[in-house]
Amino acid sequence: MEQETGCALGRIEQLIRHAYWSSGASGIVIGLSGGIDSAVAATMCCRAVGGERVRALVLPSSVTLREDIEDAHEICRRLHMECLVISIDPVLDSFRAMPGYTESPYLLGNLMARTRMAILYYHANRDRRLVCGTSNRTEYLLGYSTKFGDSAADIQPIIHLYKTEVCALAETMDLPERVMRKPPSAGLWPGQRDEEEIGLTYKEIDAALAALSRSGWNSRTPVEEKVLGMVRASEHKRLPPPGLIPPD
1 MEQETGCALG
11 RIEQLIRHAY
21 WSSGASGIVI
31 GLSGGIDSAV
41 AATMCCRAVG
51 GERVRALVLP
61 SSVTLREDIE
71 DAHEICRRLH
81 MECLVISIDP
91 VLDSFRAMPG
101 YTESPYLLGN
111 LMARTRMAIL
121 YYHANRDRRL
131 VCGTSNRTEY
141 LLGYSTKFGD
151 SAADIQPIIH
161 LYKTEVCALA
171 ETMDLPERVM
181 RKPPSAGLWP
191 GQRDEEEIGL
201 TYKEIDAALA
211 ALSRSGWNSR
221 TPVEEKVLGM
231 VRASEHKRLP
241 PPGLIPPD
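Oh and the sequence shown: position 116 is 116 in the numbering used here, straight run, nothing missing.
Be aware that a few hints might be false.
[Unchecked claim] Keeping only pairs whose Cα atoms sit at most 25 Å apart, straight-line, the calculated BS3-like set for lysine-lysine is: (1) Lys147 to Lys237; (2) Lys203 to Lys226; (3) Lys237 to Lys203; (4) Lys237 to Lys226; (5) Lys147 to Lys226; (6) Lys182 to Lys203.
[Said to hold, decoys possible] Okay, the calculated beta carbon distance ranges per label pair: (7) Val223 to Arg181: 22 to 28 Å; (8) His18 to Pro183: 31 to 37 Å; (9) Arg11 to Ser104: 24 to 30 Å.
Note that these hints are calculated values from the structure, not bench results.
Backbone N, C-alpha and C fix where the C-beta goes; we use that ideal spot for every residue, glycine too.
Produce the complete structure using the sequences and hints provided.
Put into structure tokens, the structure is as follows:
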């Protein structure tokens with residue numbers, strides 16, 4: 001199993017190196033939340049091109065837990081990455097001054113995700129860096145992400161891995177114990193937890209996704225039916241915007 005894990009990591013790191021060198025980029029920038037997905041993706045990037053070429057941006061808001069910022073700092077220390085902390089609250093306050101602004105957890109959560117990605121791409125554009133995404137396959141298939149927010153990236157090293165596979169890979173890495181054990185959360189509002197919001201555990205979701213894939217996306221249980229419904233409802237997030245193709 002360890003040999004298989006090592007081979008899988010090696011292939012991912014080779015893909016990162018290929019994207020990095022072929023693009024002519026000077027480095028990689030990644031949003032680091034203090035959670036397991038961004039920690040694993042950052043570790044892969046640092047192994048692929050060296051920690052000195054990877055910049056981590058920690059982008060907290062007023063609802064970000066102090067321990068998440070502390071965990072992000074510790075990850076950067078272990079990986080020898082540059083770490084910048086930039087609050088997104090001033091940007092959000094500017095949006096709040098917009099005529100007709102209305103706030104809800106859903107609207108604010110999407111706004112936060114897109115604000116963070118705009119900051120990441122600003123750094124990438126300014127310094128000729130690639131933006132590393134941190135979406136896993138489970139989130140991608142469920143549509144559990146924000147269009148042009150956390151789903152945007154130049155490279156996506158873990159998007160082919162289910163959440164449970166990301167957690168298994170994390171066990172082979174030098175990550176803080178608190179990062180490994182904290183409940184998955186997008187951190188978009190106080191007390192938000194992914195599994196509570198979805199209504200299923202990631203273990204249940206990944207098992208259902210694997211079963212659906214094997215069966216040609218035909219559901220056979222209530223859990224599979226619920227997961228399939230989420231996959232179908234979010235299909236627009238995985239397709240290019242519709243448009244007319246002019247005739248030749």
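- Violations among the numbered hints: Hint 9 is the one this structure does not satisfy, whereas the remaining hints hold.
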